[in-house]
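K.L.:
Since the structure of chain A is provided, determine the placement of chains B, C and D on it from the hints.
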Amino acid sequence: MDLRYFAWLRERIGTGHEVIETEALTVRDLIEELKQQSEAHAFAFSDLGSIRAAVDQDLVEFDAPLTGAREVAFFPPMTGG
Amino acid sequence: MDLRYFAWLRERIGTGHEVIETEALTVRDLIEELKQQSEAHAFAFSDLGSIRAAVDQDLVEFDAPLTGAREVAFFPPMTGG
Amino acid sequence: MERVRVQEAAFDMGLELNRFARHVAGAGAIVSFSGITRDVASGDLEAMVIEHYPGMTERALTRIRDEAMGRFSLVDAMIVHRFGRLPPGEVIMMVATATPHRADAFAGAEFLLDFLKSRAPFWKQEITADGREWVAAKSDDEDALKRW
Amino acid sequence: MERVRVQEAAFDMGLELNRFARHVAGAGAIVSFSGITRDVASGDLEAMVIEHYPGMTERALTRIRDEAMGRFSLVDAMIVHRFGRLPPGEVIMMVATATPHRADAFAGAEFLLDFLKSRAPFWKQEITADGREWVAAKSDDEDALKRW
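Chains as they are written, first to last, in the numbering used here: chain A, 1 to 81; chain B, 1 to 81; chain C, 1 to 148; chain D, 1 to 148.
Bound conformation, chain A alone (with noise of 0.2 Å):
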């Protein structure tokens, strides 16, 4: 599954593209599991209310299943126009 990360997301877990295996089935499952892999995804994704996820570029609630999703990206609220 790809793994992408935007604005300040990015810096805290230092790359804006990961590539992982992962059995999770919600992205709230997978934040989790992110939470383990290292201190700097911890950190990233200490404060839920301050992140917002898409699955294949659709803007998705935490509790979105997972089903043959292959790309989710993670990143703050939105701040365009």
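Hints should not be assumed to be uniformly reliable.
[To be verified] Within a straight-line C-alpha distance of at most 30 Å, the following computed DSS-like cross-link-like pairs (lysine-lysine) qualify:
| id | chain 1 | residue 1 | chain 2 | residue 2 |
| --- | --- | --- | --- | --- |
| 1 | D | Lys138 | A | Lys35 |
| 2 | B | Lys35 | C | Lys138 |
| 3 | D | Lys146 | C | Lys146 |
Keep in mind the hints are simulated off the structure, nothing from the lab.
P.N.:
For chains B, C and D alone, coordinates are given in the frame of chain A:
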């Protein structure tokens, strides 16, 4: 006093400009005076609800005084924009 | 750059927008509105003829602009309005507003348009194959002023 | 003309407005909004850096535009948004709407902006003499969506 007419009011009266002598104290008095002047004037001013007036290029109500007025204009409700 | 213009000549809305934007240092938001002559209910529009009251028009537009500048804390505002004979598809008028924040730019532009519509001395006449007809003012237009 | 564009290059808002207007036969009203980088509370802005999520950005903007087209009966709508490093005073983004009637053109443009702000994957970072800082999303931005 200079009188100016616009849009269909101008067409009904047959001119966009005339100069008159008047002792009228208010715009309403002036209109009453003008209605006596010709059939065209009487027809033009037959429906006061669809007429607006300006004294010296400021929009006014019909009871506005004419003291010192140099130019009075009559026209239908405006349709700019 | 004149901030209130009443003219017979056609103008280029993109050029006007750029010219306006060049003069508004510090604004974060620029809103423009352009009104275009288009076909009317009564048939195919051959032309729109706009009559106005020279002198009073500039005076009324300047007053409306001044009022909008203060009320919405605009950094700048512009009004251009044409008169004379306009074929379909031509720009009749344009307003633009510049503000630090977005909401005021929109509100300012809508205010300019609402007041321009029933407080500036312009009268439109539509010319179709059936003849000429003066456009009647809508009671909505007058009602629109009440929201401000 | 592409109705949704995400690009690093600067663009000319007047040119964009004219290009947009040329394609919208039958519209009586055209509204444009341009957002410009400006000085910020924290000090003198040296530059604004905009990061985005290639692919998802275009997808999100296209969806927002489609939604606006239907909801406000727009004749057409356009969104251009830049990414990368922008000096102060540059145009960050622009939207334009075209409709038969005025109110829809304004509402459509405001809808595009509200959704673009918190549903399109862009993140702004301000660079001042003091360093770099990610712009925090405002709870207002999320609240703004509720009015639609």
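K.L.:
All hints, please: hold or fail.
P.N.:
Now for the hints, and whether the structure bears them out:
1. Distance check on the hinted pair: lysine 138 of chain D and lysine 35 of chain A sit about 27 Å apart at the alpha-carbon level, within 30 Å; holds.
2. Taken as a hint, the lysine 35 of chain B and lysine 138 of chain C pair is honoured in the structure, with Cα atoms around 27 Å apart against an allowance of 30 Å.
3. For a cut-off of 30 Å, the pair hint linking lysine 146 of chain D to lysine 146 of chain C stands: about 26 Å separates their Cα positions.
In summary, this structure violates none of the numbered hints.
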